[in-house]
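Starting from the given sequences, assemble the full structure and let the hints guide the process.
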Amino acid sequence: MVITEAYIRNFGKFSEQHFYFHDGVQVVTGENEYGKTTIHAFIRAMLFGMERGRGRAAAKDDYTRYEPWDHPEYYAGVLRFSCGGRNFRLERNFSRAGRRSSLVCEDDGEELSVEHGDLKMLLGGLTPEIFDSTVSVGQLKSRPGEELSEALENYAAGYFEAGGGEIDPGAALETLKNRRKDAEKALRAEEAKREEGRRALLQECSYLEREMESLQSEFEEKQRALEMTVRAEQEARKTRQERQEQSDSQQKEEDRDSRGTALWGAAGIFAGVMGFCWSQVITGQGEMPYLPMAVISVIIILIGVGILLSALAAGVKNRGKQDRNFSKAQKDGEGAVSTEARRQAEWELKRIRAEWKEKEIRLQNLREQYGEAEKSDTQKNLERRCRVLALAAQELEKAARETGSDTVRLVGRKASEIFAGVTEGKYSGLELKSAAGGGREIAVWDGERKIPARLLSRGTIEQIYFAVRMAAADLLLEEPMPVILDDTFAFYDDRRLESALKWLSGRKKQVIIFTCQRREEEILSKKEAFS
Amino acid sequence: MKFIHIADVHLGAEPEAGHLKREDRARELWDTFEEAVGLCDRESVDLLLIAGDLFHRQPLVRELKEVNYLFSRLSHTRVVLIAGNHDYIRMDSNYRTFQWADNVYPLFGKEMEYVEFPDIQTSVCGLSYHAREIRKPLYDGVRAPGVQPCEILLAHGGDDRHIPIDRDQLAQSGFDYIALGHIHKPQALIRNRAVYAGALEPVDRNDTGAHGYVYGEIKNGEAHIRWIPFAGREYVHLEIPVEKTDTGGSIGKKIEKSINESGNENIYKILLKGRRDADIEFDTGRLAGLGNIMEVLDETAPDLDLERICEENRGTLIRNYIERFAGCEEGSEEYQALCEGVEALLASRR
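Heads up: the sequence lines are chains G and F, in that order. Okay, so the first sequence: first residue is 48 according to the working numbering, each after it adds one. Okay, so the second sequence: first residue is 2 according to the working numbering, each after it adds one.
Worth double-checking, as some hints may not be accurate.
Said to hold, decoys possible - Capping the alpha-carbon separation at 20 Å, the derived lysine-lysine pairs in PhoX-like fashion look like this:
1. G:Lys473 <-> G:Lys549
2. G:Lys422 <-> F:Lys22
3. G:Lys573 <-> G:Lys549
4. G:Lys461 <-> G:Lys445
5. G:Lys427 <-> G:Lys232
6. G:Lys240 <-> G:Lys427
7. F:Lys220 <-> F:Lys3
8. G:Lys445 <-> G:Lys224
9. G:Lys107 <-> G:Lys83
10. G:Lys406 <-> F:Lys66
11. G:Lys461 <-> G:Lys573
12. G:Lys240 <-> F:Lys22
13. G:Lys422 <-> G:Lys240
14. F:Lys274 <-> F:Lys254
15. G:Lys397 <-> F:Lys66
16. G:Lys422 <-> G:Lys232
17. F:Lys274 <-> G:Lys427
18. G:Lys404 <-> F:Lys254
To be verified - Label-pair ranges, simulated between beta-carbon atoms:
19. F:Lys111 <-> G:Arg257: 50 to 60 Å
20. G:Gly506 <-> F:Glu331: 51 to 61 Å
21. F:Asp25 <-> G:Ala283: 52 to 62 Å
22. F:Glu114 <-> G:Lys269: 36 to 46 Å
23. F:Glu331 <-> G:Lys224: 18 to 28 Å
24. G:Lys224 <-> F:Arg227: 51 to 61 Å
25. G:Glu415 <-> F:Leu307: 42 to 52 Å
26. F:Arg168 <-> G:Gly244: 32 to 42 Å
27. G:Arg147 <-> F:Glu282: 28 to 38 Å
28. G:Gly506 <-> F:Ser251: 35 to 45 Å
29. F:Glu44 <-> G:Arg257: 43 to 53 Å
30. G:Arg147 <-> F:Lys254: 34 to 44 Å
31. F:Asp161 <-> G:Arg400: 53 to 63 Å
32. G:Glu256 <-> F:Asp25: 18 to 28 Å
To be verified - To spell it out: a stretch of chain F is covered by chain G in this simulated footprint if at least three of its residues, at any positions, have a beta carbon under 8 Å from a beta carbon of chain G; those stretches are:
33. 317–323
34. 337–343
Since the hints were made in silico from the structure, they are not lab data. In this text, a Cβ means the ideal position worked out from N, Cα and C, and glycines have one as well.
So, in structure tokens, the structure goes:
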């Protein structure tokens with residue numbers, strides 16, 4: 048593309064002014080405040096359009112800066128250029144009310160449409176971003192507090208990793224990492240929320256386990272008790288049997304005793320009776336009964352009766368004792384009352400077992416439920432988002448490395464060439480490499496030593512900047528675009544300026560140089576005389 | 002002969018229910034079941050057929066007692082049930098020992114068995130699960146016993162791990178009606194003859210659509226059935242289309258409107274789909290508060306004109322980045338990563 052005419056109807060300080068350009072290198076010289084930068088901005092606005100910014104940014108943007116004071120409704124211009132062998136006339140009106148644009152091919156009068164991308168086609172991929180970072184070259188500006196070499200390195204870092212377009216891959220990566228952190232945090236919160244619900248399950252499980260344990264021990268205790276009574280009973284029965292046997296023999300003895308006593312009694316009575324009879328016989332023989340004899344006999348009878356009675360009583364008592372023993376044995380052993388108690392104990396055990404089983408099944412059900420608790424969709428989505436952001440970061444790093452190494456390789460080689468040309472071979476190459484703390488370091492090679500950029504003069508740094516931009520423009524643009532140099536050479540010494548201009552004219556492309564000095568013009572006319 | 006066929010009641014399940022407590026939703030399953038049993042009495046149907054998974058897990062004795070009480074109050078209806086894969090008859094299952102009311106006929110055998118009701122000239126065949134999974138196609142080759150004019154099969158399963166069912170085999174089995182359970186979505190395998198009643202109430206967040214039971218009548222050897230919606234709530238997956246012009250507020254309005262249209266009693270999962278303005282992010286947590294919503298999933302992609310971005314950034318990192326994802330499908334994880342990265346890169350412009 049070659050710009051042939053910029054006709055400024057009303058833009059900034061200019062109105063109804065024509066500026067003509069031609070192919071090759073040309074210089075627009077003007078003093079400070081002449082409006083060189085305005086022409087530069089006009090060309091940019093014509094190529095890419097210009098819209099009014101929104102909000103506070105509007106106060107400082109190009110639209111406001113160049114909006115004419117006198118006739119703001121008449122904010123327009125025409126740019127004529129040739130491209131691919133055809134001539135075009137691009138007309139734009141920037142005013143708020145009457146914004147419009149038209150593109151006409153002057154050779155055949157064909158009307159093209161800016162809205163439908165015809166201009167974009169002609170620009171061959173040149174975007175405002177690429178325009179700003181390549182063919183439109185001003186002076187390297189450093190931010191307050193930034194060394195110029197740092198500004199250069201930052202430019203190069205952004206440039207090489209992002210391939211231009213004013214993108215900051217580091218910041219983009221940081222954004223992705225922060226988003227991932229947020230997603231992970233949200234995921235943890237969601238998991239905690241779900242875990243809360245699951246914890247209730249676990250809690251119920253442990254309650255159940257505890258209850259089952261106490262049921263178990265209750266069961267064991269009751270069972271032991273039951274066993275003990277049963278055993279005790281058996282033992283009791285055994286001892287009772289033994290005792291029974293014992294008492295049976297004792298009984299016999301006792302019976303024998305009482306029988307003996309009774310015998311003694313009976314014998315006594317018999318003896319008494321016999322004595323009494325004998326006393327009667329004796330008394331019958333005399334007139335007077337023998338009283339003492341009778342009395343003695345009666346006493347003997349009474350004693351005999353007493354002994355007999357006591358013997359009988361003993362017999363009766365022994366039998367009663369035996370009866371009582373029997374009923375007691377019945378009560379403790381297979382007696383009705385004892386069976387009932389045992390049945391109750393057994394029923395109790397059964398109840399505990401059933402209760403335990405119910406809890407056991409409930410516990411198993413709960414454990415099953417706990418095991419099943421699946422992830423919520425929110426959880427799955429957040430997990431997905433984490434994966435997505437990790438993938439994005441990973442690919443971005445790869446792309447940056449690739450873009451970086453690609454551009455570094457290509458631009459680096461080209462920039463070295465240009466830089467060597469501009470410095471007339473004083474420096475044979477440029478080196479760009481990753482710095483330890485991120486970013487890139489730039490160094491130049493003078494054939495013997497590698498000199499880091501921060502040790503170079505402002506002029507040399509500007510030359511590196513120029514070389515890198517020109518290299519990038521060559522590599523990025525399909526269609527050769529006019530290079531616009533806006534006070535770029537202010538810090539160049541005459542020799543380097545001459546070399547730079549020589550390199551530019553050697554390119555055989557349109558170069559528009561805006562300057563406030565006469566040097567460029569002088570060198571060029573001298574050079575033209577040379578060539 | 003009139004019958005009601007229910008299946009997959011899943012008593013004891015505690016399904017997710019949005020803002021509703023899980024316990025309350027569990028109670029609702031019982032309530033609906035109770036109503037269904039009550040309905041049998043009101044309609045004086047002859048048989049209540051329960052095609053498995055009456056319980057969600059192993060039934061507790063107290064649960065069996067509750068169920069049995071409901072059955073025992075039926076004045077006319079007899080109940081036939083089988084155990085499914087969820088309430089399968091484990092070694093220690095309470096099903097093995099429970100004493101049912103006189104009008105309840107469990108078919109709890111591992112092998113096919115049947116029960117006859119001569120007064121209504123009907124027999125019901127069936128078997129129960131004794132394991133969580135049965136991969137054998139036990140219903141293939143089963144034939145109606147031919148003991149009564151009217152013969153019914155109670156069957157549970159129909160996927161690979163739960164007695165695979167072959168439709169043609171069932172068609173040849175000779176049963177007048179096959180009451181199927183296991184698949185929660187109501188559907189007919191053979192029209193009017195082999196039917197999944199579906200879950201009585203939806204028991205899982207993915208049991209979308211209406212749920213209910215089958216009301217049927219067998220006359221002259223032909224079944225006439227009707228599927229009747231009965232569940233108190235539905236799970237609804239609501240897709241909300243998102244456009245470039247939408248904001249959080251407008252999406253909220255759309256959600257509220259859709260919920261009002263589809264019923265406030267239902268339980269919702271909201272899916273946001275489409276292209277959103279790249280600057281807008283939806284607060285899904287806040288949107289979930291707009292109704293009985295389990296969750297709101299944002300599956301929108303930012304509205305980025307990738308082609309244009311590519312065109313404008315020739316040879317740059319953005320373009321290289323976009324090209325790394327060439328050929329990925331819209332909506333895939335790769336596509337999402339692409340959008341995230343491009344957004345981050347565009348935002349980093351100085």
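Checked hints:
no.: 1; hint: G:Lys473 <-> G:Lys549; verdict: holds (16 Å)
no.: 2; hint: G:Lys422 <-> F:Lys22; verdict: holds (18 Å)
no.: 3; hint: G:Lys573 <-> G:Lys549; verdict: holds (11 Å)
no.: 4; hint: G:Lys461 <-> G:Lys445; verdict: violated (24 Å)
no.: 5; hint: G:Lys427 <-> G:Lys232; verdict: holds (14 Å)
no.: 6; hint: G:Lys240 <-> G:Lys427; verdict: holds (14 Å)
no.: 7; hint: F:Lys220 <-> F:Lys3; verdict: holds (9 Å)
no.: 8; hint: G:Lys445 <-> G:Lys224; verdict: holds (15 Å)
no.: 9; hint: G:Lys107 <-> G:Lys83; verdict: holds (19 Å)
no.: 10; hint: G:Lys406 <-> F:Lys66; verdict: holds (16 Å)
no.: 11; hint: G:Lys461 <-> G:Lys573; verdict: violated (27 Å)
no.: 12; hint: G:Lys240 <-> F:Lys22; verdict: holds (14 Å)
no.: 13; hint: G:Lys422 <-> G:Lys240; verdict: holds (11 Å)
no.: 14; hint: F:Lys274 <-> F:Lys254; verdict: holds (15 Å)
no.: 15; hint: G:Lys397 <-> F:Lys66; verdict: holds (18 Å)
no.: 16; hint: G:Lys422 <-> G:Lys232; verdict: holds (16 Å)
no.: 17; hint: F:Lys274 <-> G:Lys427; verdict: holds (17 Å)
no.: 18; hint: G:Lys404 <-> F:Lys254; verdict: violated (53 Å)
no.: 19; hint: F:Lys111 <-> G:Arg257: 50 to 60 Å; verdict: violated (36 Å)
no.: 20; hint: G:Gly506 <-> F:Glu331: 51 to 61 Å; verdict: holds (52 Å)
no.: 21; hint: F:Asp25 <-> G:Ala283: 52 to 62 Å; verdict: holds (59 Å)
no.: 22; hint: F:Glu114 <-> G:Lys269: 36 to 46 Å; verdict: holds (40 Å)
no.: 23; hint: F:Glu331 <-> G:Lys224: 18 to 28 Å; verdict: holds (25 Å)
no.: 24; hint: G:Lys224 <-> F:Arg227: 51 to 61 Å; verdict: holds (60 Å)
no.: 25; hint: G:Glu415 <-> F:Leu307: 42 to 52 Å; verdict: holds (48 Å)
no.: 26; hint: F:Arg168 <-> G:Gly244: 32 to 42 Å; verdict: holds (40 Å)
no.: 27; hint: G:Arg147 <-> F:Glu282: 28 to 38 Å; verdict: holds (36 Å)
no.: 28; hint: G:Gly506 <-> F:Ser251: 35 to 45 Å; verdict: violated (58 Å)
no.: 29; hint: F:Glu44 <-> G:Arg257: 43 to 53 Å; verdict: holds (47 Å)
no.: 30; hint: G:Arg147 <-> F:Lys254: 34 to 44 Å; verdict: holds (38 Å)
no.: 31; hint: F:Asp161 <-> G:Arg400: 53 to 63 Å; verdict: violated (39 Å)
no.: 32; hint: G:Glu256 <-> F:Asp25: 18 to 28 Å; verdict: holds (27 Å)
no.: 33; hint: 317–323; verdict: holds (count 6)
no.: 34; hint: 337–343; verdict: holds (count 5)
Checked against the numbered hints given earlier, this structure breaks hints 4, 11, 18, 19, 28, 31; the rest are met.
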